Each structure stands twice: as C-alpha cells, then as structure tokens.
Amino acid sequence: MHVATDSRAGPRDDRPICFSCFGPGDWARCLDNYAWHPAAGLEPPSALHEGAWHVGAASGQAATGLLRGLTTGDRAVAHGLDALVLIDPAPDALSSTRHLLDLPTLLIGTDPDGRLRGSLAPHFRRQRWVPQADGAPFDMLLRAVLTMPRPVDAAIDPGFRSLMDGDHISARTRSILLDRARGHAAQATVSLNPPMLAVLRAVLDRVLPQADVLPHGGIDLGRLIDERLSTPGDGWRFAELPPDADAYAAALRTLDRAARERAALPFILLDRAGQDDLLRRADAGTLTVTPAEGDATLSAAQMRLWCLDLRADAAQAFVSHPAVMARLGIDSALNGGDAPMQGFEELRAGHHAPWEPPAPAALPGHVA
Amino acid sequence: MTAVRDRRPEDRADVVVVGTGAGGAPLLAELAAAGLHVVALEAGPVFRPDTFTPDEATAAELYWRDERLSAGENPQAFGGNNSGTGVGGSMLHYGAFMPRMDARDFHLFNETGQGCDWPFGAAELEPWVVQVEETIGVSGPATYPWDPERRYAYAPAARNAPAEIMVRAASAIGLTCTDAPAAVITQTREQPHYGRRLGCVGCGACHQGCRNDAKSGPVNTWLPLARAAGADIRSGCMVNGLERDGTGRISAVLYREQGVDRRLPCRAVVLSAGAVETPRLLLHTGLANGSGQVGRNYMTHVATQVWGSFDEEIRPNRGYPSAIISEDMMRPADADFAGGYLIQSLGMMPATWANLVARSRGLWGESLVRALRRYNFSAGVGINGEGLPSESNRVELSCEADASGMPKPRIFHNNGPNERAMHDHAARLLTRLWAAAGAHDIWVAERAAHMIGTCRMGTDPRNAVVDPFGRSFDIDNLWICDHSVFPSAAAANPALTIMALSLRTARALRLTL
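Those sequence lines, one after another, are chains A and B.
Reminder that position 127 of the first sequence reads as 127 in the numbering used here, one-by-one numbering, no gaps.
Reminder that position 274 of the second sequence reads as 1274 in the numbering used here, one-by-one numbering, no gaps.
Chain A on its own, in the form it takes in the complex:
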C-alpha cells in the first residue's frame, strides 16, 4: 500500500486525506496536478493512517475489479475505507447485479451518453459524478462526498411519534409503521435493478412530488414500491400487462429508452420538462419506443395501464408512511390498542378527541 497525504487540507475539515491505490497509474490519471505520488499495487489496509480520511482510488479495469470484489463478497478490499474515487470505470461494471454500495463514491469520467450516471451511479447510495478531476475544486468535492449523509426518510413529527408509543395503537401496527419508516440499510434492491430503481425514483419525483407535504426531505417511495413488487401483490393485474414486477421493469425500461431515443440521455438525466413530456405521453397511451431484442418494453397501450398502477402504488405508499400520516393528521393506525381496543368515540365532523393528531387546515377550491 502506498499512501499519499493531502497536505493542503481545507480549513473546515482538516483531517488529512489518504489515498489507497488499487491499480497501476491511478494516481497519475486522477490526480496528476496534485503533488501526490503515483503508486501501484494493492496492499492490506492495515497500513492506513490514524485520523485520516481513507479514500480508495481505482481507474479503468482496476475500478471494475474493485467493484466486482465489493459485490462478490470480498468486502475486505474496502475495509477501513471512507470513500471511493473511481476514474473511468466501465458503466456496466455492476449491470448484472442488484447491489447497492454504501461507501460514498466520487465517479470521474466524461459521460457524453449518460451511461456512467444512468447505469453505474445508481448502484451507489451516496455518490457524486464529475467529468474530470483537476484543480482545487476537486478537494472540496471529495470532502463533500466524504461527508455525504446516508439517505433517510423524512422524520416523523414528534407529536405523532409519541402517539405511536402510546396506547391507541397495537404492538403489531406500531412495529409495522416503525419498520416502514426506518428504511433499510439494504445491500441490494429487491425486485428492480438499481438503474431501473433510479428511473422509478425520477418518475415518482414527477408523479408525486412530496415537498408540499414533507418540505424537509421526502420518503423513498421507490424503495417501498421495489419492496412491494416482491410480495404477492393485491390479487389481480391487468390482463394486458405482465406480472407486476415484470411490468414495472419493462415500463421503466420503456421510459429510459424513450429518453435515449429522443434526447440521447437516460431518463434520469432529462430535465423536468423532458421527463414530464414522456410521462404525459405514457399516460395518454401515445408513447412508443423501438423494440429491442432481449429487453422487454411495453406498448403505448400497456404504458397507459401501467401509469394507473404506478399512480395507485405511489399514492398508497405515500399515505401509508407514518411521516406522511403525521403531516396530514391521519390517525387510522391509532384506532385502538391491544387492550383495551378503544376505537374512536368522537365521530363528529369538525371535532377530534384531545389525543388525536391535529389535521392541517383544509385546502380551498378544486385540486386540478
């Protein structure tokens, strides 16, 4: 292991940054305008410096090898690392897996067709992408990546949270809601692969934007739907669509391919207007793409049906999350404890029992 220390650490976080190099020439390719020494070879991480940020760097084939190692159980290769810098990794390095990597990662590489961002980046729970690394901003960027927080769902308002600890809810219901709100430190997606889950999240941002209800960060509806797709479902599907999980994968692939055909970019890199345009066409039953061998897509008529399912899944997942229930004052889960089972005594319009969560004010006028 060869270690280079950044002697120009910023004033805000003065921990030095130590790089571990996973392949020959990585330093030179990444950091040749830094005064750090190129290094080669992979050594055990025991030599890492105390008190420093430890960043693994790899480029090209070494980056691909590192990622494969991380996803095939050889997690020791990243032991002790705080972040990764991957330079020009193969965009399809993880394309056959559903792995989600937790290490904050800086992806570096020109990405004219968006494949790096559309295919590889979604495998990282915390990542940033830059086309190239040069000059002082790289240091700030890297420190920003190092300190990226793990994505978490919006917190449950404290008042509602304490009702969830109270006696108006059963132990089973409490546990279900807490589990739903906790999110998962999942190491893999469940049904969709990470690039398609990224498309789903982008779609959901347009179909059900959460900021009006959860202004300080939303909930991960994509994860909830991905998990839902692996369950038995609700007992029916449109005969015109394949089973739910296949329908979602094919629908998201259709949107992604439509984006590439029209704008030469993955769906997730389109601007909002571009995404909305494709979604409007899908909803209207007019979105078509060129079928490609191997990857199933949906017809325009199928996309129209899928849009109904998607909206229904999104809306149900949204109002079933305790953070949203709290914001909207929905107390359906608080309908009685294990014993006694209180139910609701106050049923009158315009009234609620003192213990019930407050509802925000009514919204005037028409919604549409």
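Simulated from the structure, these hints should not be mistaken for lab results.
Note that the structure is predicted; figures quoted are calculated from it, not measured.
Incorrect hints may appear among the rest.
[Unchecked claim] Which chain A residues face chain B? A few, computed with CB under 8 Å, are given here:
hint : residue
1    : Val213
2    : Gly217
3    : Asp234
4    : Ala315
5    : Gln316
6    : Gly336
7    : Gln342
8    : Phe344
[As the list claims (entries may be wrong)] Heads up, incomplete: computed chain B residues facing chain A, CB under 8 Å, no partners named:
hint : residue
9    : Ala1060
10   : Tyr1063
11   : Asn1212
12   : Gly1319
[As the list claims (entries may be wrong)] Covered, in the sense of this in silico footprint (three residues per stretch, anywhere, with C-beta under 8 Å from a C-beta of chain A), are these stretches of chain B:
hint : segment
13   : 1043-1054
14   : 1075-1084
15   : 1199-1209
No residue lacks a Cβ here, since even glycine has one placed at the ideal position from N, Cα and C.
Here the structure of chain A is known, so what remains is to put chain B in place on it, guided by the hints.
Chain B alone, transformed into the frame defined by chain A:
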C-alpha cells in the same frame, strides 16, 4: 409428479366443503349439526382477530392474492375489493353492510325483460334470511322505511361524519335514508361455542379485519358451531382436482397442502370458493359443464362513488364506514335502466382512498398531492346497483399456471348500456346530494364491486349449471354454494343472500345422504 397421498388411511368425509366463507360456513355448521362427517378445505391460513392490523398494506394478507388476470373494457379489481383468503373467507374483510335482497330483484326479467329471474322468490328465502340474521347478529334501525315489519336485534352503529352529512343532505333534497343494516353488533354478545363478542367501537377498520369481534362473520359464528358439532376445518389446503368413480359421481377431492398432493374420499362435495375460484376449478377439471354455462354471466355491482371535500375535519377513517342507507333508488321513477341501486354513506381508510383517487381522478404531479392532502376533509357516498348478466362477461382459464398447478383465471368485465346508464344516473344524483351537503371539489369514481354469477342456478339443465338448490345437473353429488349460483346480481350486497342460500342448500343436501 408428486405422489398423491391420503392424509390418513381412514381419512374420508361424508361431505367436503371447499371454502369457509359466506357460502361454505353456514352449510358446514348445518351439516355437522345433522351428524354428518364434514371436512372443510380452506386454501388460506387461520387468522387470529387480535392480530389484525389497520395498516392496509399489511392487511392485504386477508385478500385472495393468487393472481387473476383482469380483462375486458372495464377490468375489475379483485383482492380487497371482493376476494378473501383464510378461514372465514372474504368475510374476514367484508364491509358488513347487510341489506336484504329486494323482493323485486328476484324477478327482474319478468318485470323488465332484462336480466334473469331466480327460480324462486323472496318469500322462499326469507325464513333463511331471518335465521342468518339471528345467528350472526345484525344491527339496524328500529323502523326500516322500506320494510316496516322488519326488526333488527341491535341498535345501529354510531353515525360517523359522512353519515351525518348524508342524513343532512338527503333531507335537503327529499331522499329518504336511515341507519344501515350492518352485521356489526353494538353491544356485548355471548356467542355460542365462541365466547364474548364486544360491541362496535368505531375503529373504522372493518375491511382490515375486526379486532374485537363486533363484526359478524364465519369465524365468530358459523365455524364455532360447526366445530362444536364435529366439523373438521383444515386451513392451507388448496383444492385443485376432483376424482370421479365409474358412474361419474365425485369420489374424492384432490388438494395440495404444503406442497403435498392429497386425496380425500367423500360422498358429496360442495364448492363454496366464490365466483372465480368455483368456475375455475370446474373449468380446470372439465366437470359439470353440460350446459356450457360454467364461467358465463360473470356479474358485478355498479359501485359508483362520489366524494367531496368539506371545510370541517371529517376524518373518514373513523366509525363504521357505511352507517347510512337509502333504498329510494331501487326503482327510480326517472330510471333509464332496469333494476335499481342502494345508496350508502362512505368513510374509507386512507390507502384504499388514495388508491381510488389515483385510479379515478386522472391527476398526477402537484395536483395529485393536493388531492391526497384532502383525506381528512373528505366524505363519500356510493351505490351498490344491479349489474346485468351478459354474454361478454365471463371467467375463463389463461395459459399461465400458478402454484396450485391450475391455470390462472382471466376475467372479462365490460359495462353494458344498463350499467352505464345506472352509473350516470347515480353520478348525477349523488353529485347533487353532495353539492347540497356543501361539498366542494366533488369527483366521481366509476367502479364495480363484488363478484357474482358464473355457475347459474335454474330449472333447465340446458342453460343452468345447478338446480334451484345448488345441485349440479350433471353430477348429482356435486353442489355449488356461493354467489356463483346467483342468476342475477340484485342490488343488495351478496353476503346475506349467500348465507341464506347456504342454509337452504344444506337442508337439501342432507336429504340426499
């Protein structure tokens, strides 16, 4: 291929009942009480009421979740809309709205030239209806405006906010309404062979399973009676075949239990698996279909709903959801359709409501979120109306198999002119009602509810699957006892009629053994 094994060498039954819901459970209790050795085979698990949860995503465990393919111009939702699994069947999550079937609905064809007449009238069924109501416990108003002689054993469930709004609005436009008959008891009851059931506390989660046994269903009424009389109720047993002897009669029921194929010899079999699973099994086995009517005339109820926002908090999850009924539209004077519809006030749990909003309003983006934010200020009103039998609506087998080894069913559902006219009529009336109530942002959901038909009963073997008692014309020890046998949908929610027919079929079956 897995070997087919008898459960035990001595394992055999007088009668095997397939399904433990509204069709199977009353009959099971009657036959067991008559001293017959009856075995119920239920595909789903046993649920304990105290573990039910109002969390709707989780409560989907009560739905029949084996996938069905919904086809036609108006593909129908299954699962929570109409199909249950587990000991107790769909009545684990039914809404307990319990009107009696209107006497005119037995003879719609005679009255209008449309639909199909039942082979008997209301008077024939009434004693059984009364017996069901007495056995399970039904609440309702002291005086029922459309049938003043009728009495209910329990005072009605408390009116929630949508109920109060409907009462006020109905009075404003001259519509008669009253507290709904509901299979929900409102005071403590000692249920024979079961124990103490508590009165409804208005928790609002009927459709997610009643946690204090206020809701009357097989689990707290018929099945304890059946067990006490010796019935053997087996969960986790999915029937996937029927074996016949040399004379063509059913000699054994084949089923799969935890991946093992089993065989249960019997003297008679009763199919009570519902309007999709019952014809599915018959189509799969190719039995009892000399009429060609198995799977035909699949029907639903026109189930239009109108929702609106109010300035005051409604909190539609609170209270018994459908506390008010009107039967004024059973034969409206200005109808341009055959048959009629019931009206009910509507509260609803949030995810069910969000699903309705998402599928009905055509909104997305910020307007969808604005709509969802109105949950706590929303109240609804809906109908349950007669859907006519039609050639174009049917259950058939698809080419995809599921874990039972049988093909998944494909269900064609198309609204005809009568259903569309009824929907339009109801949408106009209910919109006017909700406007009178002071609602704003009023919207209409076009829906279908329940599932009915597919093994029609009648007097002519050429166009009916079973006789007026539910006995197959083709195989004399095969009986059908669920809403499959309904010749017409009628307007009333089907559970009460199914249970009454079940008691009646039990009597007839007993006389054959």
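**Item:** Violating hint indices (sorted, rising)
**Value:** 2
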